[in-house]
Amino acid sequence: MTTHQTATDTVRNSPKPRTSRARDSIADLKSLTRDPILLTTLVVVLLLIFVFVLWPIWKVLWLSIAPKGKLSMETYKYIFGQRWLARSFTNSLRLGAIVATTSTALGFIFAFGLNRANIRCQPFFRQMALLPIISPPFMFCLSVILLFGRNGLITNKIFGMSNFNVYGLGSLVLVQTLGMFPIAYMVLDGVLQAINADLEDSALNLGASRLSVFTTVTLPLATPGLASSWLLVFVTSLADFANPMVLAGKYDVLSVQAYLQFTGMYNMPRGSALAILLLIPALTAFLVERYWVSRRSYVTVTGKPSMHSIPMVSRGVSVFCEVVCWITAIATILFYSVVIGGAFVKLWGINWTPTMEHFKYAWDVGKNSIRSTVIMAGAATPLTGFLAMVIAFLIVRKRFPGKGALGFMAMLGYAVPGTVMGIGYILAFNQPPIVLTGTGLIIILCFVFREMPVGIEAGVASLQQIDPSIEEASRNLGASTGYTFRKITLPLIKPALFAGLSYSFVRSMTAVSAVIFLVSARWNHLTALTLAQTEIMRLGAASALSIFLIVIVMVAFAVMRLLVGKEHRPTGMIPR
Amino acid sequence: MAKTSMGLTFHIAGGRFVLKRVLSVVILALMLGAIAVMPAMSAEKVVVYTTLDEPLAREVFAFFEKKTGIKVEWVRLATGECVARLEAEAANPQASIWYGGVGLGHIEAANKGLTIPYLSPNAKNIPPKFRDKNNYWTGIYAGGLSFASNIDRLEKLGVEAPTSWADLTKPVFRNEIQLANPGTSGTAYNVIATLVQIMGEEKAFSYLKALDKNIAQYTKSGSAPGKNAALGECAVGIGYAHDQVKLISQGYRIKITFPSDGTGYEIASISLIKGGKQMENAKKLYDWALTSEAAKIYATTGVVPFVKAPLLPGAIPITEINTIDQDDQWAAAERERLVDRWNNEIYSAR
Chain A
174 MTTHQTATDT
184 VRNSPKPRTS
194 RARDSIADLK
204 SLTRDPILLT
214 TLVVVLLLIF
224 VFVLWPIWKV
234 LWLSIAPKGK
244 LSMETYKYIF
254 GQRWLARSFT
264 NSLRLGAIVA
274 TTSTALGFIF
284 AFGLNRANIR
294 CQPFFRQMAL
304 LPIISPPFMF
314 CLSVILLFGR
324 NGLITNKIFG
334 MSNFNVYGLG
344 SLVLVQTLGM
354 FPIAYMVLDG
364 VLQAINADLE
374 DSALNLGASR
384 LSVFTTVTLP
394 LATPGLASSW
404 LLVFVTSLAD
414 FANPMVLAGK
424 YDVLSVQAYL
434 QFTGMYNMPR
444 GSALAILLLI
454 PALTAFLVER
464 YWVSRRSYVT
474 VTGKPSMHSI
484 PMVSRGVSVF
494 CEVVCWITAI
504 ATILFYSVVI
514 GGAFVKLWGI
524 NWTPTMEHFK
534 YAWDVGKNSI
544 RSTVIMAGAA
554 TPLTGFLAMV
564 IAFLIVRKRF
574 PGKGALGFMA
584 MLGYAVPGTV
594 MGIGYILAFN
604 QPPIVLTGTG
614 LIIILCFVFR
624 EMPVGIEAGV
634 ASLQQIDPSI
644 EEASRNLGAS
654 TGYTFRKITL
664 PLIKPALFAG
674 LSYSFVRSMT
684 AVSAVIFLVS
694 ARWNHLTALT
704 LAQTEIMRLG
714 AASALSIFLI
724 VIVMVAFAVM
734 RLLVGKEHRP
744 TGMIPR
Chain B
357 MAKTSMGLTF
367 HIAGGRFVLK
377 RVLSVVILAL
387 MLGAIAVMPA
397 MSAEKVVVYT
407 TLDEPLAREV
417 FAFFEKKTGI
427 KVEWVRLATG
437 ECVARLEAEA
447 ANPQASIWYG
457 GVGLGHIEAA
467 NKGLTIPYLS
477 PNAKNIPPKF
487 RDKNNYWTGI
497 YAGGLSFASN
507 IDRLEKLGVE
517 APTSWADLTK
527 PVFRNEIQLA
537 NPGTSGTAYN
547 VIATLVQIMG
557 EEKAFSYLKA
567 LDKNIAQYTK
577 SGSAPGKNAA
587 LGECAVGIGY
597 AHDQVKLISQ
607 GYRIKITFPS
617 DGTGYEIASI
627 SLIKGGKQME
637 NAKKLYDWAL
647 TSEAAKIYAT
657 TGVVPFVKAP
667 LLPGAIPITE
677 INTIDQDDQW
687 AAAERERLVD
697 RWNNEIYSAR
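Each protein sequence line maps, in turn, to chains A and B.
Numbering-wise (our numbering), the first sequence opens with residue 174 and increments by one.
Numbering-wise (our numbering), the second sequence opens with residue 357 and increments by one.
Next comes chain B alone, as it looks inside the complex (with noise of 0.2 Å):
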């Protein structure tokens, strides 16, 4: 059909069968849909917001699920993501509990009234540094704030990886540095939160501008810098220990050093949510978060369990770095005037 100059004509006299093509493929979609909205039929079940690494998250509720026959439907959310997502849908919530998580996350979502306490009978293996006082949330493994060096590029500028914050403001780092956007990034938050709980706030700040002239870039996500030294766009990126150490475990050529005047650190949560409708089971999966047998499956991805679990080669434990005393409650409360400091101070002038 339609190699000739009558297509015109041709064309009217096919309409009928284009139109009914496309009124039963339009039927088709209405049944698929149809089908989109049954629910799931499941007896037993809970329903999950995680911000666990996806292979991560796939290990520890198919753990969860082979052992107590609860089926765990889960989905993968940012920490931001988890937060606004919560947030929106505050009014008929559909997930019982967040697994995962910047602490920070979790502190605001319980000051957003999004969670509820809970006393886990595990609880008590976990140091009380790591969990909330009143119980909103109970941390499950931390993570050090940490330089990650890109071997090669080191090499080529010909010095060592940095060991302190007072290293990275060398000269010889000049456009070298990736650091995240505290506006945009609780993970650089938690460096300024940390900065300013070392050194003061006036210093940390002319320490932050000292900073600025060596940082090449400020990502918009926490996890960029450090997969940018993987990649070799810099030579140093600012992040989580454990980000790093999956990057090494991928093959980058990186090396992971924290910075000897003490650092700070995110400690993954978990929260109950509010108004969930699975809460008995949410509880199971709290409690079960907690024991060692979870944290033996957090451990082998290069992070670092409150509970006791054999780590992976290149994950440290968090009592071996130099913790500061972090204060996560002061952070959350100041996250607002200090984020807007640094906005008009550091990154407006740049």
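Here chain A stands alone, though its shape is the one from the complex (with noise of 0.2 Å):
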């Protein structure tokens, strides 16, 4: 079978061995030096991230290790002494991993049931897979308990349960995967589009099954985009914590402890401790996933057109697909209903009178807060969908010592809990020489390089696909590395640039955890507001801000498709 052949081969291209890295990376060095563009880049790059990531986080971590000024052990002491503790961090790691596999899954099914199943309402199921992700976290949490609580609408006004347990592993499993789980299919919907259809077509023209070709050629070059997704999903899983925060009942984990040793028990040193103990196993899942990745080649963008001309899945798989999409909607949709049609009835579950006068409050309350929101996600998104573009081609492309520790110290800022992260800013940014307290800029910087890292992994796992030939082609033809930049890659990774950019836009829209810390009186935002609603039971507001967040996210992204060019779908289909 030579497409199985091919495949292999591509996939299995391991790089040099170990012997030659040493005078490899002297000639790094030294052709880093023939190349000032990449340079100036790289120093740029580099001392943002030292400015704005480790900073921050360097000045948490000293409250843990020096609690008052001098360095002592104590904290770390009393944290490794308690079982309850360690109990949160088992059971955080237990979270993260259940919920990284079925958001990943999930995200798979939708990314290959919309670019290979054909499976019918696509445009329908496109906007299902984004919309878990806009609207505040714990508005969704509250949608779930008044639906599934023990006195919810389904459990106990359906099925007339009244002792129905929402609370514990079981329902954070449910709410993470299905609000994550768009992380994952952005990140995979790059990818797949990306995969040359001629290797599937060929496999299939040369007599493979479809599920070998599934097997041999889609899954394994889907790879790189699986472990990222996987990943990322793992990580935003260990730092949430406003979930857990409602849903966990008896199932603590650490995110939360951590944000409750600042908040409840005004123990700066030891919630930094746990928010750094909360490090270890994302940047773990960060190192193996870099070295699997990295050993194999996943180049399949050639340059050469594509072009679907055989329906790639059985109609079962095709049907499977939809069913599993279909749910995942309705659920979606389910959870949604809750949030807009509170904020059309007076009180939900004991007034149901229709109402506009939550919108009425809403609107008087929130449209500072709106306006300032909307300046600073909207200053937030092109920067870092632009420096995650720029660190995504230095990591995969350029070659220059440091390169992994590069994009391990860019993880870092996602990887922290927001409290962690907003604590770090105000800690950094508020004395001589950089004062940024009480602007709008330190909230848009939190943004920046909190959420850079989703558009980092969008961006690397859909170069990884791109034959570097095109580029070289370019270079040697006399174009810079700036020049080749624009006018090559660039346009080749805009899904992975348009899926960072609405990503990081949605989340710089319903950031709560640091931004609580940041948020000034001129430079309030959005959730902060959303979430002060609901501490005083005011849902039916708090439904109308987050209605009022969501028809903002839908027109911004409207605007950021008109910018950055209509969404290109190069694996084009006869259809079914």
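Just so you know, these hints were derived from the structure itself, not from any lab.
Hints may contain errors.
[To be verified] As a list, the in silico DSS-like pairs of lysine-lysine whose alpha-carbon atoms are at most 30 Å apart: (1) Lys565/B x Lys250/A; (2) Lys423/A x Lys611/B; (3) Lys519/A x Lys540/A; (4) Lys565/B x Lys540/A.
Quantities reported herein were computed from a predicted structural model and do not represent experimental measurements.
Using the hints, put the two standalone chains together into the complex.
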């Protein structure tokens, strides 16, 4: 089977043996000095990461190892002596691993269904795959309680159960999977689009069964994407505290414990130490992923046109994908209908009189926050996207010493819980040389450096599929690094850029944990306001604010599509 | 464009346009960022961190602005978040006054050296019991610990609302009571401190063990049990009365009762922040916060101010509840030990 052979060759093509590494890095250094644009870019990127990622995190780390200004291990001694904290740690890991697996699987089914299986209602499902991330996280939890709680609309009013327990690992997995599979979908969608259809087609033409094409061509080629999305979801789940805060019940997780040490026990050193512990599994996963993926090559975009001529999947698989998509979509719509419905009735569950008063109230209290939120998210998004693509390009394409460290450092901002990032930003930027507290800029920067890794991961995953010889050709013809990046690379990774942009915008609009420490009177944030409304159980107003948010995000997506250019789908297929 | 199999080639040609757009957007973003750095222009102002509820804060500060012409720039933060933020900002404090928030938090902030003492001329309006003897903080209103019962759920269980701490351990309430986790919530810690002050430590812990059997869930936040009772998630939630009064005014079917054998309370307080930039205006706000004019506004949301003011229906003056002689200084000092004990003996054993 020739095709089988080709695909595996491509996949198993490992880089140079270890022995030549040292010589390589000296050569890398030399070539770096010959490429001033690359050198400058690298210096700027490193400087930014040092100042806006490493420094704030270092400030927090310092708190935990030197609680009273002097080095001391007492904080860590306390932490390792507490049984309930050890339990939280393993709970966090278990939850993260489960959610990362389920989300990646679901994201893959969506991406596969939309790019290969040719399911119906594609535009609808594309929206549905992104919708779950557009809403403040605690609103989703509230929906779960209102629907499935002891007094929930579905559990109690429909099925008559009065003691259904929604709190615990099961609901957490459900809520986090629904909320986080869009991350996996966005990464995998870009990756599947970029896999050259010719490979799959020729395998089919040569007589391989659909299953063997899938397992020996499609799946191996999608590996970087699968690994990236597993990693991203794992890290997101570890750092998430809004969902477990409300829904965990007895299932304590570390991110919540860290937050509560800061705000409940007034113990900053302990909170910092717990957050630092949380970094260990996140960064381990990151290193494993990089090592595992970098041993192989996934190049399939070679510059030649590609188009599907044969449907890739059997009827059964296509139906399966569609059913899974429907179930997910219905669950999403169900949760959203609570948020939307809550805004139009007087009091959910008690008084169902329709009303518009929540919108009026929400607009009155929220218009300033809405304006500043849009400005901040709008400023952060393009910066995030651009920086992410530059870093992804440097990581995949360029050779320079300390390359692994760059990706690693960039990831840090994403892996720490938001609370830590927020407190780190205050500690770092509240006194000279850089004073930013009280400004909108501190929030913008926090968004940029916290959300950048999703763009980087998407960019890395899709760049790994593009044959460097396209870029080499450009450079051989006399183009500079910058010119090649602009003219060749950027257009090719547009889906990844779009994914990075839209994700960073949404996260900037719905961020809560970091922002709560950075907001000022003039630069308030919509989610902080929504949270305050749920605090006093003005659920109608909170719902109305969420609807404003959903509308803004939808409009922003449309604008971004317009600016980045129409999403291009290279794998055109013959309609079923 | 792009509907062709030659899409790739087309894209290479179209790259320049993509980049121009991307770059212009990046530049625009940088400009927006620049706007975001510019300081607010306002001569007379005071920056406030407040733990009052959003609508109350809105009213209180709007009134003060109108009265004095001093612009109030306020940010709403929960008690714990506020202390964390004050601590992180200590090198260069952004706000001058912390308005509202649980008394224990204010004590904690004073112990950490984040606030400064101030004897307001209006402090005489407040009974000495409700203000710090060293003048670090002054109470503005109180709320007693209470039981919020969901009326429908009580009917289903066929019981009356609990009226003593002992009532809560009745078997009929198995899995029907919510309390916050004292390790994470000042409200719940206040419950433990109250019980220890009423019963003595050993008896209090055996009571907590008995109560544990009836607890459906230890929530993270102190106001969650009341809210969950409102939603019908449990029959009884333990929390501050003024939080529950708000639920009633929203339309939830809640009944508030107090333990007849004595209860604790919170003192919502104000403190001046050490190193604040607008101390003069902050003091003006501090003084005003202790007047009956301000108290009238507090009272509209169901809390019970220390200065006399007309109360909302359902609100019960702290003087009419059997409150214990609460020692907040003691409670703050014992906090870590008692919480650790609770964590090890009760929470870990669940």
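Right, here's what the structure says about each hint:
Pair hint Lys565/B plus Lys250/A holds up; C-alpha atoms about 28 Å apart against a cutoff of 30 Å. A hinted pair counts as satisfied when its Cα atoms are at most 30 Å apart, and Lys423/A with Lys611/B qualifies at roughly 27 Å. For the hint linking Lys519/A to Lys540/A, the alpha-carbon distance of about 21 Å falls within 30 Å, and the restraint holds. For the hint linking Lys565/B to Lys540/A, the alpha-carbon distance of about 48 Å lies beyond 30 Å, and the restraint is violated.
Hint 4 alone, counting from the list given before, is not met by this structure.
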